[in-house]
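In the working numbering, the protein residues as written are 1 to 524.
Keep in mind that the hints are not guaranteed to be accurate.
Straight-line Cα separation of at most 25 Å, DSS-like style, residue types lysine-lysine; simulated pairs [to be verified]:
1. Lys397 / Lys129
2. Lys116 / Lys129
3. Lys116 / Lys397
Computed beta-carbon distance windows for the label pairs [said to hold, decoys possible]:
4. Arg454 / Arg434: 51 to 59 Å
5. Asp112 / Leu469: 23 to 31 Å
6. Pro437 / Trp491: 17 to 25 Å
7. Leu90 / Ala241: 43 to 51 Å
8. Arg148 / Arg453: 20 to 28 Å
9. Ala59 / Glu464: 14 to 22 Å
10. Thr300 / Asp112: 31 to 39 Å
11. Gln416 / Thr516: 29 to 37 Å
12. Ala373 / Arg344: 14 to 22 Å
Bear in mind the hints are in silico, worked out from the structure with no lab data behind them. Beta carbons: idealized from backbone N, C-alpha and C, even for Gly.
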Amino acid sequence: MQQQPTSRRHVLAAAAGTAAAIGVTAPSSPAAAHTARSATPALSGQLSASLTGRHAASAPPADSTTGASGHASSSAVRARAAALLQRMSLDEKIGQLFVIEVYGQTADTEHDGNRKLYGVPTPAEVIEKYRPGGVIYFDARRGPDNVREPRQIARLSNGLQRAAVRTGARVPLLVSIDQEGGSVVYRMLEPATQLPGNMALAATRSTRDVYDSADIIGTELAVVGINQNYAPVADVNINPANPVIGVRSFGSDTALCSKFVSTAVRGYHRGGVASAAKHFPGHGDTDIDSHSGLPEIKHTRAELDRIDLPPFRAAIRRGVDTIMTAHIVVPSLDPSRVPATMSRPIVTGLLREELGFGGVIATDALDMGGATADFPPDVAPVRAFQAGCDQLVLAPKLEVAFTAVRNAVRSGTITQERLDDSVLRILEHKLRRRLFPSPYVSERRAARIVGSRRHRSQARQITERTITLLRNENGALPLPHSPATVLLTGWGTAPLAALARAVGERRGQRTTTLETGTRPNTTK
């Protein structure tokens with residue numbers, strides 16, 4: 001069970017005389033992120049059109065350590081975190097709250113993106129300037145271009161960790177990413193193993209497939225120095241018009257979502273990374289994308305308890321490390337109509353106190369439209385922190401956000417006790433993830449494990465089980481060996497090309513593809 005959140009004052013007092021045995025070793029002999037296990041790779045096209053056949057696979061290994069990666073921290077971990085906290089300056093504490101992006105493929109890469117956002121050219125200098133608690137990686141599609149290939153990612157992670165531990169309190173970074181699987185939210189492309197998305201996995205009804213997918217993803221993240229995955233999605237997608245969740249969800253069945261969210265948490269932990277259930281209190285019944293607007297959930301409290309909250313409860317019971325909030329309005333929980341991320345009744349009252357979650361609470365990206373519409377850069381981070389969030393993810397205009405939090409602490413708007421409470425929680429999280437004494441990884445091992453033959457083979461088998469035939473009008477399937485040419489239509493150029501190659505290779509038929517866009521009516 002989760003430890004009920006309490007004031008950390010007694011922890012600080014207990015640690016007053018504790019000699020902190022927290023050091024960070026140099027990366028001369030990079031530490032492996034977790035015990036080596038053989039692995040296996042990516043589908044060249046992923047057949048992501050798959051929604052999946054039922055697979056009566058065996059259940060994942062029994063786990064008698066429910067909550068083991070959760071938040072009932074040992075007294076030793078608390079004492080070590082508290083001793084470290086006492087040595088930190090105000091700015092070092094504030095830095096731990098922020099999760100930022102950096103531009104470039106190595107820690108020493110000069111990039112105009114860093115100059116524009118932070119006034120310094122390299123990722124390492126950004127870390128040394130602000131001493132953030134974490135970074136989040138993106139691929140070239142967003143701009144930062146952090147994740148090209150395994151050795152490069154491991155080298156970047158090691159370089160950023162070196163920058164973090166050679167200044168100030170020498171606290172390693174939480175290195176995070178959105179690697180949900182599927183074809184919507186994924187940052188590490190091939191050669192990383194590509195796996196089906198959540199809705200496809202759910203179609204198999206196989207906890208084993210969900211577990212193994214999360215394990216593979218977690219393993220490949222851990223070996224390149226990424227220690228926190230912002231996954232799994234815990235939203236119950238009951239709105240077919242949902243523009244932002246959709247197939248990222250395990251589906252519209254609350255019980256099934258709860259089971260698979262819990263299973264995914266276990267799989268990520270097995271792989272060696274922290275997990276984050278998102279987007280609290282549930283983003284499944286929206287018709288507005290919170291990246292560009294502010295959705296409203298009109299569920300009653302009874303409906304929330306029945307539909308939206310059970311997957312988060314299941315994640316908490318399983319020991320999820322982090323829960324990410326949503327930029328959504330939920331009037332039944334907070335009549336003031338502020339986004340959940342900024343709502344103390346939702347973040348502290350419901351998540352922290354009623355559900356008893358003692359782990360790290362992260363905001364969804366604060367540069368999204370759902371957060372920026374009514375909360376400027378100097379207001380959003382303070383309001384989110386006052387609501388009860390610990391990690392402030394992608395706050396726009398970091399210098400402005402950092403200064404706003406510092407001024408709020410100095411003025412008493414944010415109390416020192418409240419600041420220490422969040423920083424302690426983050427430090428405990430890092431200690432549990434074994435970032436002390438060595439946060440470094442082996443580039444050679446990263447190249448060997450990521451996209452390995454075993455992972456690719458396992459991914460192919462899982463993906464094949466996810467293929468679901470929704471209907472077969474006029475007995476069109478299986479395809480006859482004639483005609484000689486087959487027309488393949490659907491959404492997504494890459495999946496269509498992969499399917500066309502497969503039809504050509506396996507059946508010897510010529511293929512023509514027609515990419516139809518995101519909706520049937522986009523093609524005349």
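Structure-based check of all given hints:
no.: 1; hint: Lys397 / Lys129; in the structure: 14 Å, holds
no.: 2; hint: Lys116 / Lys129; in the structure: 14 Å, holds
no.: 3; hint: Lys116 / Lys397; in the structure: 10 Å, holds
no.: 4; hint: Arg454 / Arg434: 51 to 59 Å; in the structure: 25 Å, violated
no.: 5; hint: Asp112 / Leu469: 23 to 31 Å; in the structure: 49 Å, violated
no.: 6; hint: Pro437 / Trp491: 17 to 25 Å; in the structure: 48 Å, violated
no.: 7; hint: Leu90 / Ala241: 43 to 51 Å; in the structure: 46 Å, holds
no.: 8; hint: Arg148 / Arg453: 20 to 28 Å; in the structure: 21 Å, holds
no.: 9; hint: Ala59 / Glu464: 14 to 22 Å; in the structure: 20 Å, holds
no.: 10; hint: Thr300 / Asp112: 31 to 39 Å; in the structure: 49 Å, violated
no.: 11; hint: Gln416 / Thr516: 29 to 37 Å; in the structure: 57 Å, violated
no.: 12; hint: Ala373 / Arg344: 14 to 22 Å; in the structure: 19 Å, holds
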